[in-house]
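Generate the whole structure from the sequences, applying the supplied hints.
There are 2 protein chains.
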Amino acid sequence: MSEANRRMILNLVLSNAGSHRGAWRHPSTKLEDIHDLHHFLRLARKAEAARLDSLFIADGLSIEVKAVQHGPIFGYEPLTLLSSIATVTERIGLIATVSTSFTEPYNLARGFASLDHISGGRAGWNMVTTGVDRTAANFGLEHLPSHAERYKKAREFAEVVLKLWGSWETDALVQDRASGVYADADKVHDIFHEGPYFSVRGALNIMRSPQGRPLLVQAGSSEEGKDLAAEYAELIFTIQRTFEEGQHFYADIKARTAKAGRSPDSLKVLPGLHVVVGATEAEAQEKARELRGLGSIERSLMSLSNMLGIDFSGYSLDDLFPKLPEPGEANAYQSFHKMVKAVVDQRPVTIREVLEKYWVGNGDLNIAGTAEQVADVMEHWFRNGAADGFNVMPQLNGDTDLFLDLVVPELQRRGLFPEAYAGRTLRENLGLEPVL
Amino acid sequence: MSEANRRMILNLVLSNAGSHRGAWRHPSTKLEDIHDLHHFLRLARKAEAARLDSLFIADGLSIEVKAVQHGPIFGYEPLTLLSSIATVTERIGLIATVSTSFTEPYNLARGFASLDHISGGRAGWNMVTTGVDRTAANFGLEHLPSHAERYKKAREFAEVVLKLWGSWETDALVQDRASGVYADADKVHDIFHEGPYFSVRGALNIMRSPQGRPLLVQAGSSEEGKDLAAEYAELIFTIQRTFEEGQHFYADIKARTAKAGRSPDSLKVLPGLHVVVGATEAEAQEKARELRGLGSIERSLMSLSNMLGIDFSGYSLDDLFPKLPEPGEANAYQSFHKMVKAVVDQRPVTIREVLEKYWVGNGDLNIAGTAEQVADVMEHWFRNGAADGFNVMPQLNGDTDLFLDLVVPELQRRGLFPEAYAGRTLRENLGLEPVL
Numbered sequence: 001m002s003e004a005n006r007r008m009i010l011n012l013v014l015s016n017a018g019s020h021r022g023a024w025r026h027p028s029t030k031l032e033d034i035h036d037l038h039h040f041l042r043l044a045r046k047a048e049a050a051r052l053d054s055l056f057i058a059d060g061l062s063i064e065v066k067a068v069q070h071g072p073i074f075g076y077e078p079l080t081l082l083s084s085i086a087t088v089t090e091r092i093g094l095i096a097t098v099s100t101s102f103t104e105p106y107n108l109a110r111g112f113a114s115l116d117h118i119s120g121g122r123a124g125w126n127m128v129t130t131g132v133d134r135t136a137a138n139f140g141l142e143h144l145p146s147h148a149e150r151y152k153k154a155r156e157f158a159e160v161v162l163k164l165w166g167s168w169e170t171d172a173l174v175q176d177r178a179s180g181v182y183a184d185a186d187k188v189h190d191i192f193h194e195g196p197y198f199s200v201r202g203a204l205n206i207m208r209s210p211q212g213r214p215l216l217v218q219a220g221s222s223e224e225g226k227d228l229a230a231e232y233a234e235l236i237f238t239i240q241r242t243f244e245e246g247q248h249f250y251a252d253i254k255a256r257t258a259k260a261g262r263s264p265d266s267l268k269v270l271p272g273l274h275v276v277v278g279a280t281e282a283e284a285q286e287k288a289r290e291l292r293g294l295g296s297i298e299r300s301l302m303s304l305s306n307m308l309g310i311d312f313s314g315y316s317l318d319d320l321f322p323k324l325p326e327p328g329e330a331n332a333y334q335s336f337h338k339m340v341k342a343v344v345d346q347r348p349v350t351i352r353e354v355l356e357k358y359w360v361g362n363g364d365l366n367i368a369g370t371a372e373q374v375a376d377v378m379e380h381w382f383r384n385g386a387a388d389g390f391n392v393m394p395q396l397n398g399d400t401d402l403f404l405d406l407v408v409p410e411l412q413r414r415g416l417f418p419e420a421y422a423g424r425t426l427r428e429n430l431g432l433e434p435v436l
Numbered sequence: 001m002s003e004a005n006r007r008m009i010l011n012l013v014l015s016n017a018g019s020h021r022g023a024w025r026h027p028s029t030k031l032e033d034i035h036d037l038h039h040f041l042r043l044a045r046k047a048e049a050a051r052l053d054s055l056f057i058a059d060g061l062s063i064e065v066k067a068v069q070h071g072p073i074f075g076y077e078p079l080t081l082l083s084s085i086a087t088v089t090e091r092i093g094l095i096a097t098v099s100t101s102f103t104e105p106y107n108l109a110r111g112f113a114s115l116d117h118i119s120g121g122r123a124g125w126n127m128v129t130t131g132v133d134r135t136a137a138n139f140g141l142e143h144l145p146s147h148a149e150r151y152k153k154a155r156e157f158a159e160v161v162l163k164l165w166g167s168w169e170t171d172a173l174v175q176d177r178a179s180g181v182y183a184d185a186d187k188v189h190d191i192f193h194e195g196p197y198f199s200v201r202g203a204l205n206i207m208r209s210p211q212g213r214p215l216l217v218q219a220g221s222s223e224e225g226k227d228l229a230a231e232y233a234e235l236i237f238t239i240q241r242t243f244e245e246g247q248h249f250y251a252d253i254k255a256r257t258a259k260a261g262r263s264p265d266s267l268k269v270l271p272g273l274h275v276v277v278g279a280t281e282a283e284a285q286e287k288a289r290e291l292r293g294l295g296s297i298e299r300s301l302m303s304l305s306n307m308l309g310i311d312f313s314g315y316s317l318d319d320l321f322p323k324l325p326e327p328g329e330a331n332a333y334q335s336f337h338k339m340v341k342a343v344v345d346q347r348p349v350t351i352r353e354v355l356e357k358y359w360v361g362n363g364d365l366n367i368a369g370t371a372e373q374v375a376d377v378m379e380h381w382f383r384n385g386a387a388d389g390f391n392v393m394p395q396l397n398g399d400t401d402l403f404l405d406l407v408v409p410e411l412q413r414r415g416l417f418p419e420a421y422a423g424r425t426l427r428e429n430l431g432l433e434p435v436l
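Top line first, the protein sequences correspond to chains P and V. 1 is the number of the first residue of the first sequence in UniProt numbering; add one for each residue after it. 1 is the number of the first residue of the second sequence in UniProt numbering; add one for each residue after it.
Quick caveat, the hints were computed from the structure, so don't treat them as lab data. Honestly, I wouldn't trust all of these hints.
Because identical chains cannot be distinguished in the list, a pair is counted as satisfied if it fits within a single copy or across any two copies.
What the hints assert, rightly or not - Cut-off 27 Å, straight-line C-alpha distance, at most; resulting in silico cross-link-like pairs (DSSO-like, lysine-lysine):
| hint | residue 1 | residue 2 |
| --- | --- | --- |
| 1 | 341 | 254 |
| 2 | 187 | 163 |
| 3 | 66 | 187 |
| 4 | 30 | 187 |
| 5 | 163 | 66 |
These numbers come from a predicted model, not from an experiment.
Here is the structure:
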């Protein structure tokens, strides 16, 4: 794609009260909205009116009981919530996270094909392998399989899903009343997949969906995660803390995509963007300061513990951060582990320091400012090889309106973001090749 | 419940073109409706306007490639479709079939809790064990586990699901901004389930749903199926061919429910009702005759083969029906096997005879007539200990409107069916005890 035609991709990440853990306590949050379906439907319609590309739902398959005291859990199962949202929207993409470790490829392929039919071609699957060890215990296992094992299985899982989505040819339907032929059985195929992890005969019990196949999205930034994305995905979501890290990651992904035999343009890199928007810089900074005061450091420690696979229960917050094993030895979120390890290997820091200074919103790119200031940062990343767009996470849901009303038009004025949807399906709207 | 307060329960079974396999070929069917979401949304709203209790979606997890030529497959995954329907309806119940043999209890419990939240308390789970052997091959198995094994697993599956639905107490939410306490961690419980089939730690990653727990429905009529229903279910769907068989089944179920320590009223018996409605009897009979001419006997044979677990490929339709094994020896739909066995053991019959005479719409109760005639049969079954209501299956989707516009008001005139919904949740509307 020539630089002139290039345009930013923007997804909105749905959350109960905002991406900041303390957002539910902020006075601008209506407590009755936090779990209300209609609140999510309203956000979805508003995001569509602003022409956002997709809504995105992150997901996990376990909770830690003691964590519930610190803030809301999302709760809604992504495919059901997005099916509801699909019914009151027409153009916006709908991306759900589902793990390859705890479901069957036949069920997953069918669920996403169903959402793609329900939405008229707007479904996307964010494939994750699940990195939180306690999840294993909800599915009959003591521990998660190793990182390498999970990714080997994920790769075969994706293969099976793609075969199932392709098991009905586009023109299989005949519907000839006179002869009584409903569909052409020669255009529906068993897949007879046999692999180390899965044996699946097929065919899928749902016709080919409007997009040919739903969008593939990947959200892990380990070596295996990046390779999986380079081979299969159309979008990659990533956590990048600084512009330089973002540039490095971007170049790495594009190179891997080329190496996998695909055009580097065919995989779009979308860093997470935690954002606070204000009418003035002072207002934005004040909101960010308020939010910092509302977070629970104990809750952040629990998350850190889950993501690193380390038990901090014997430590106090002012103890020095323990030495982290080499990435290959830790069964954790590899890329996150690497980031924290870089910080703690540099000089002695306390656990509190890591939580407060280096780990805001899981370490993602983080901006508080006016619409213009936010757009400046986004443009800088976009124009200088660090992003094809962003997974937007308003730190406060109240800021979603500000982002949509102020930042999006500013990006449109700068010619960075389109004014209207190009088509009906998510693939059409993203300018991706149709899958026939 | 006293006989005076007793009222009929009516569910509408969703289908592409009607419950008759030839319905798609009937001139009253619009081919473009068959797979259209908006067609299902329209049916749902119309059924709600007529005050039907629930919509019901049957389901399977495999297709036979050569079957697709004979008629539509439903396709939509039930939880996603019902989440869409939930968004445009307010009162009608939403019952989805999901198998206990090919999913994880944690995922299932979460999916139904999510639908219950999305619908404001209208979700029901129809638990089945899957009896079609070829399904096994879509999930890494050569064959289905035995009937007995599947039901043992289903029972433990239901136990786990109930524990997970109960893992959040009703008043766990606190939402105290000042203290920063979001939920009371003492009111959210890991379940630590350990059994022969499942090991699940819990808690569920979604708050308690509006119904406390979604409705439990059971649809198998084998000995094990009936016992499972008697112990857990609130509705049982069944296939009954004659009034006498219906009475016998009804008495059997109520006795088993009492034996399980529950009030016989707490489990409602709903036979399937294949119905053709006409303005006159002649019109209804003519439609029924047209439909018989549109069915494919080859397709019926495939279904028979799947349900009995018998390969008919070496037979011609005019061969004598082969001898069936004793029920305990067949890994098939046990109750269906028993019904067909009773016919073929009585006297020699050809395969064609069984398909044409004894097996219309899987053998269910089957009526073609005026609204009054249809209501007469329903009243007879309802008043004389054969049914608490019906799972209504219009043989032609065009007849759904006739059923809703003519039969339902006739039942209301007779005082058999209520005029308005009693509450907001499915449990309230069915007059069932709340689950706190």
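Results of checking the hints against the structure:
1. 341 - 254: Result: close within a single copy only, 25 Å intra versus 64 Å inter.
2. 187 - 163: within (14 Å within a copy, 44 Å between copies)
3. 66 - 187: between (53 Å within a copy, 10 Å between copies)
4. 30 - 187: Close across copies (23 Å), not inside one copy (52 Å); limit 27 Å.
5. 163 - 66: This pair counts as between: shortest inter-copy Cα distance 19 Å, intra-copy 42 Å.
Hint violations for this structure: none, all hints satisfied.
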